[in-house]
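Taken in order, these protein sequences are the chains called C and Z. The C-terminal position of the first sequence is numbered 308 in the numbering used here, with every residue numbered one higher than the one before it. The C-terminal position of the second sequence is numbered 1308 in the numbering used here, with every residue numbered one higher than the one before it.
It is worth saying that the hints were derived from the structure and are not from the lab. Don't take every hint at face value.
[Said to hold, decoys possible] Partner residues aside, some chain Z positions facing chain C, computed with beta carbon under 7 Å:
#1 F1115
#2 I1116
#3 I1218
#4 E1296
Think of the CB as a built atom: it goes at the ideal place given N, C-alpha and C, for glycine as much as any other residue.
2 protein chains.
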Amino acid sequence: MSETKIIFNTITIIGAGLIGSSLARAIKRGKLAETLVLCDQDLPTLDEAKSLALADVYEIDARLAVEDADLVVYAIPVGVIATVGEIVSANLKTGAIISDVGSVKKTVLDALTPFIPDGVHLVPGHPVAGTEQSGPSAGFASLFDDRWCILTPDTQTDDAAVQKVEDFWRAIGSKVEIMDAEHHDLVLAITSHVPHLIAYNIVGTASDLEAVTRSEVIKYSAGGFRDFTRIAASDPTMWRDVFLNNKEAVLEMLGRFSEDLTALQRAIRWGDGDALFDLFSRTRDIRRKIIDAGQETADADFGRSNEN
Amino acid sequence: MSETKIIFNTITIIGAGLIGSSLARAIKRGKLAETLVLCDQDLPTLDEAKSLALADVYEIDARLAVEDADLVVYAIPVGVIATVGEIVSANLKTGAIISDVGSVKKTVLDALTPFIPDGVHLVPGHPVAGTEQSGPSAGFASLFDDRWCILTPDTQTDDAAVQKVEDFWRAIGSKVEIMDAEHHDLVLAITSHVPHLIAYNIVGTASDLEAVTRSEVIKYSAGGFRDFTRIAASDPTMWRDVFLNNKEAVLEMLGRFSEDLTALQRAIRWGDGDALFDLFSRTRDIRRKIIDAGQETADADFGRSNEN
């Protein structure tokens, strides 16, 4: 991480969940703002954030929360970003920069753009980091360290504004990439959205069986299933919105996944061991490259099996 | 773990890979045998095991390895267990107990039974534990601690022999369940085999894309994909044999998975957010039960996100 510095005097984060609260902690850790405003429309959540001393100012009304902000970050489900964007529009300061942390970028860009006043800049962003937990207490300052944050500004966006958001995420501890919003949605469909969908799906399938009890599924989950349950424990609202807002790319990737799975199914039915072995050998290589790229630890089972 | 005790004077493990070498370590840790014989037909693997001082005796020839054994454990791919079982058959001591650690039980039971001489007892087993690593150096003594080991003896099997194998696994540190071999294969199809297959499959799908580069898949894997790559890095030979030997149950579970996935796909296409939200809420519950059952830690992301 580079040396800490104030890039924005006042930063307002809308949404005090896992991501918003982690971002607040990372801003405080790096002393990246003079004033940090945290806003959540849910009073118990806001109180929880307050008791954790995550910010300087706590505000339940988004219109008041954004008034002095040099940077506003939406850390709320993709499906409600535009609604809040419209509500606060008239209260934004000239020169303010608007960003977000949504997992889908094209619909956010399209839906938010009409509510960006002249002299305000929109630089959508997506930090590729998270856990299956939710809420202010689940966050932690290092969540974004060494992870990628993808920014997807429109090509007409002010370069200086994009640069400031990039500087901000680097100061948070992340690596930054600028990408076209549509391409982002395609990349994330395969690296995140479809994996979540099939994890949700297999956990659902397992819980509906007649011949295998739920208690058996739970007892013997260490054989592989439990890794899927972690992903399938992710926030339902956030993920519903992801699938509704990245429909085309998810359906495209899901179609390919299903085709490939049908081929594997056929190989099993006809006893084609070579086809299975070839695929299973090929996939090991990708794992090694992810570890080499620093996006994962090589510890067996993430060290989980060594915990006892 | 209960107090340690010698249950078998001489134990022979055939296969010094991840599971065989972990079992050797756990036996040594618990002082569970007077003499531990480790056998592997691959000389470099056997030499590696020797350099790690995993056993008392090292043997490349399985026929010699089993001669004095009171317990023989096959820790080799399911597809070769019967072949080795036939080779060593004439060398088994009267009263010896034969077991294994294979992930499929019905075909092992059927294939091995003809090669069990009178006075020798077959008690197939499956410790539900593992990592994505392979080889003697990847093993560790605590791999089986608090995990389930499923025994699937035929109903005619000598009760005392089954009891001794059960005592053995409890002394190793595992919890033990006796189950019908066919039911085992159905349970593991959904908790282990199908999860592995879909993990292998999505990693394959991702590596074949044209519009998204491999380097992008690797960079942004933290969004969910990397958990699948860990599973898809598991031993190719072992897993090929699993699918070839548990064909019916895997195809049955895979059929249900695909049906359910098609319904989800339809919900996305038609924008049915309620159907998505309902499933995503339901699956969180299973995760919590797995954590409550002690088969998983509740640490966010297994503590992986806190590593920095």
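Taking the hints in turn, this is what the structure says about them:
no.: 1; hint: F1115; in the structure: violated (23 Å)
no.: 2; hint: I1116; in the structure: violated (26 Å)
no.: 3; hint: I1218; in the structure: holds (5 Å)
no.: 4; hint: E1296; in the structure: holds (5 Å)
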